[in-house]
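Single-letter residue listing:
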Amino acid sequence: MITITHYLVLSAILFTVGVIGVLIRRNAIIIFMCIELMLNAVNLSFVACAHYLNSMQGQLFVFFTMTVAAAEAAVGLAIIVAVFRNKETINIDDINIMKW
Amino acid sequence: MLNLVALILLFPLIGTVINGLAGKRLRKETVGYLACGAIGLSFLVSFMVFIGLLQLPPDERLFEKHLFRWIESGSFISAAALQVDPLSVVMILVITGVGFLIHLYSIGYMHHDKGYHRYFCYLNLFVFSMLLLVLSNNFLLMFIGWEAVGLCSYLLIGFWFEKKSASDAAKKAFVVNRVGDFGFALGIMLIFLTFHSIDFTEVFSAVSHGNFEKGSFTVTMITLLLFIGATGKSAQIPLYTWLPDAMEGPTPVSALIHAATMVTAGVYMIARCNALYLLSPFTMTVVASIGVITALFAASVGLVQNDIKRVLAYSTISQLGYMFLACGVGAFTAGVFHLMTHAFFKALLFLASGSVIHALSGEQDIRKMGGLKPHIPVTYKTFLIGTVAIAGIPPFAGFFSKDEILLEALVRGNFIYWSLGAFAALLTAFYMFRLLFMTFHGECRVDHHAMEHLHESPKNMTLPLVALAGLSFVGGFFGIPGANALEHFLAPVLGGHGHTEVRGAVSAGHHGAWLPYLMMVISTAIALVGIFLAYQMYIKKPGLSKKLAERFRLIHKLLLNKYYVDEIYDAIFINPTKKISTQVLWKVIDVRMIDGSVNGIAWLVGRIGSVLRHLQTGYIRNYAFYIVVGCILIIVLAVFGR
Amino acid sequence: MLAYLFYIVAAITVTTAVYLIFEKNPVFGALYLIQTMVSLAVLYILLEAQFVAAVQIIVYAGAIMVLFLFVIMLLNLDIGEETKNALPYQRIPAILMGIALFTIICIVIRSKLLQGKQDQYTTAFVQGVGNTKLIGNLLFTEYLLPFEITSILLFVAAIGAIMLAKRKL
Amino acid sequence: MTNVSIMTFNILSILPILILSGFGMIVLLVDVLSSRRLGEKNLLAYISLIGIILAAIFARSPAGTTLFSFNESFAIDNYSLFFNFIFLLSTGLTILISHSYIKREEINHGEYYALILFSTIGMMLMAAGADLLNIFIGLEVMSISIYILTGFKRSKLISNEASLKYFLLGAFATGFLLYGISLVYGSTGAINLKQIASFIASKGGISDPVLLMGMGLIIIGLGFKVASVPFHAWVPDVYEGAPTAITAFMSVGPKAAGFAAFLRILITAFGSAHDEWQKIIYILAILTMTTGNVIAIAQTNIKRMLAYSSIAHAGYLLIALVSANDMGVSGTLFYMLAYTFMNIGAFAIVIVLSRKGDEFIQINDYAGLGFKHPLLALAMTLFMFSMAGVPPTAGFVGKFYIFSAAIKSGYIGLAVIGVINSVISVYYYLRITVIMYMKEPTREFAPLTISPLIVAAIAISVIGTLHLGIFPSKVMEIAQQATLMLK
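Protein chains in written order, with the numbering used here: chain Y, 35 to 134; chain V, 33 to 674; chain L, 608 to 776; chain Z, 2 to 488.
Rather than coming from a laboratory, the hints here were simulated on the basis of the structure. C-beta atoms are modelled at their ideal positions from N, C-alpha and C, and glycine is treated no differently. Do not rely on the hints blindly, as some may be mistaken.
To be verified - In silico contact screen, one side only, chain Y against chain Z (beta carbon under 10 angstroms); selected entries: (1) V43; (2) V53; (3) V76; (4) C83; (5) Y86; (6) L94; (7) A108; (8) K121; (9) W134.
Bound conformation, chain Y alone (with noise of 0.2 angstroms):
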């Protein structure tokens, strides 16, 4: 039998993947797909409650996250293009002119 529990460490997995791989990762695309991941980790413990709760409003949650998400996709990698632009990188660890 497969209860919500599964379903929520499963979540828990694939977020603390993406939080884990957005603190050591420095391509700025691959951080901005890890944190898509976490997303999508949120999107199901959504899911999975609206499931067991018997109730819509899960899913249309994850309905506007996914708008929300498309959103920042489009301005995030469009920030990403002006910076490839102007350094000729994406890695995270070089762009560090403000410090301090």
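With chain Y fixed as given, assemble chains V, L and Z onto it according to the hints.
Structure of chains V, L and Z alone, referenced to chain Y:
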């Protein structure tokens, strides 16, 4: 007539605004007389308010002028309201009266300065803030005045900021005062917590209804915190170090802010809160002890200083010590009385010393003066009156007030207070006459260059001197024993614990009625001894002082270096932090000095800042790491932290 | 049967996700992520969220990830892009932190099954109406405001993408 | 069963949002249709201002009650109204200070104004959102607009970098926020704040660790937006790199919106769990104030210094959040308004004094300003004093309310730390004044070209700062009425 009280505040404010915004474009004369006029009008209104108050029966002499609702939220209400009662009237008369004379004097004194309009703008702003401080009817508004006078003092000490010593002195004054203000702010918070009000009337009536037992911890805390504020503003041990440095400011500023008015704010505040202080015998002891120790300490440092203004600065600290002694033994009237007379004669002394400095084209070292008496006769005469007044020779003003304090110290306090105070009085007479003799008598040690320009100051400078000399002469009669007008006037505020009943107790007690008169004789004798010693050392046998200095080299050196207090502060607070940071932090990371930091704590905080800023590495991944760490901590705290 | 399906799909999802964060080549990374998303879509179907599953594949795996791939190829990134590593010492603590985070989340999740308020949309009810129709209904009634605001959001995104990435304005 | 019921919604309740989005599009259209001459671009600023004024005129709320709209997901009350005014004020002031700035920096595109207006819509939705979905969508509309605005100087690497940092970290924090929302949803079955509250009340308080973790994660997501330590690290870099006018906007509008949502979520939904979250916010408040103030001392760039100062101010506001009584909420409203005036005022002066390409934004560049431009220096002094909390300015009264609120709720230690912090902050605010008045100029002050719009912005800020400092009671009364609605 009492309704006019708001005008007292309005005039200086108008002066500030006009001079601040348009002063640059106005003619110098216009700027000066505008500023003077503002304070003069303020004085006239103050006088009318005084008359108005006199017409009321003594018990009803409390008038509150509600200006507007200021801060109001829930149970907390604080109106912007002014309070006119005998105590504040005495203060506003002194502030506007002495302030007016000093403004007048400044017109001549500052005439050649390029920051003329800036000076008068600040000075008017100061008067406004000081009036706000003494006229407010609640602690919060008073605190605002308290902060504002500190700010003006800062601006005026650093007026000649091109001099590094001046801007350093300004910073020092500001930082030291912040320490005191911090105590004051905490005290106000505690008052609000305890009394649920910050209104003077409400707080003091709650106290007088006896809701608090004598010596209760809360009241002791409140009074001690307020007293910390007072030690900062009024330059008492241990927060006095800024005042001698503050002499970097223009001399009229020293006269107005650092002698006559602002530094007495602490005394005013304690007198205002007398009901609270009387509830805490412990605080009273602290106040009296700090007062008398400061009086003696500063007087002893004053013995050997060679800068004419520094001698006066230490003398101010010492005289403030007397006022705190008076408050500490419960003789608030005597404290306020001395505050008033001190304002007259110390302002006079400063202005006269300014006149000397003016005459000598900026020379301040008394070893390079001497024999000036025939060249600047008016200055000499007025300075003499001031010196006699502070030394305590009857019938000049200082005699009555100081005698009063010493008497109260003996009767209400104990013999130790009296003897220390009396000894300080001896020193006062000595160093003041030393100053007088070295400046005006003996042989002339002025260099030729300055000699050529030697001249008596213009009319608008000598006029205030003469006026203040007159006040120093007659000021004592307001509080003359027997028919003590000041005391009767102040009685409604400072309560039945004025000294009438003491005198009653004294005459009924075992000391007998002769004690006050004996004390007068003793005081006079002490002053005369001091003068005689100074005369012997500096006029009769000019070599004697040098010989003495050699014989007691250690003490002389100790005094000359002001007991090494600044050095001790450096050694305890500043050097260790410096050492730690240079040896530990400097090598670890690149550090940036904060320009000429004056204060160990500020320095340390700045250093911590320059270390911590390196947490801001600029790497996104580091920032994300902080977020994750914070996230784990918050979840742990939220879930398991119960 | 469904349990096995869950375990298999879950295993694929986790594996591809882990591959994503260790893959050098961003193109492969994107492909792994697409695979993760597709597996998640399968799980959504298991959870009877058919509409979300479809959108997941069409919008997420289809549109958004294609945009990613498009940008990766536009920038023509090398595999050696990540040569500079300014924070090598952060790798181990980061993984440890991730594991700590996971452990805490698991402790919390396992401590209690969900006890939230049950709503009316039981499986039977939803099947009666149809998942997509129900979502459509809700979107245009109860969630009308956020739905409309979403249009502003997408509008902003479009403006932004043009503003930031267009070669010449 | 399947019939579509028309929900009760009040179109008037979202009128300001409609007006702003309409004007945003008008700006874009005018920009496209008009020729590319500079003179036409002036029009865009005026159109945006008209939109803001209209939105402010049509912002209404029923007196003394909360009106819910859109299936109880949108609340119109005095609270959201007050915040709407703060947002509109900050947007209006930003447009006033932007006008000459974006011309100078050659980023004078119509999209600039449109994005500012759209991000204001997001803020309004955050303040009025009564369920987590609306708050989330509002937050995203606001954030995405600002990501773009941050990178608006697209040819400048510094602006790109700021934008990338803000975007990546912002999206990362959004992940936490969403995860939190999903857990809260899972453990209560609701995303509506009132329903969450009634669920918690029916259980007699929070005992479910999943719900607590969800709450913690939401605090993280919003803590990021309001720049609370340790989620603050983006602030200095982004503030430094963003166009200065946008920095001014960012330090006020989004922060206010973050606090609006923060207060509404924590008090409305988790009001009965005050004990659980107050200790978290307590620690955050202390960390935030102290870190902000201490690091600010060591800064040499005025934009970075103001960034750290903005972190410190977030810390003061968190104090009000901890106390969570009427005075704390109204104190937050008041302080936010005061902060809007003083902070945008300060940034306006930074803009006036800087040159193309953000030259002259080192603190030492201000040496001697007091003699060259006395009025500007005076205004800057006023703003600095206000931020330091020196009476009689708005900042003093605001701090006073906040610390009193903490004391009233019994957090005396927190209030004392707050006071110590404001003492520390005096040091670096005063340093600017000292440098302006007490240092010889190190550079030539070229004659300034000051547009009337920016003068208006500075004048409004000065008047606002002084008015709130001297006559705060009227505004405070309004703020207090706004808090009544929240519970």
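Here's how the hints hold up against the structure:
| no. | hint | result |
| --- | --- | --- |
| 1 | V43 | 12 angstroms, violated |
| 2 | V53 | 8 angstroms, holds |
| 3 | V76 | 4 angstroms, holds |
| 4 | C83 | 3 angstroms, holds |
| 5 | Y86 | 8 angstroms, holds |
| 6 | L94 | 8 angstroms, holds |
| 7 | A108 | 9 angstroms, holds |
| 8 | K121 | 6 angstroms, holds |
| 9 | W134 | 8 angstroms, holds |
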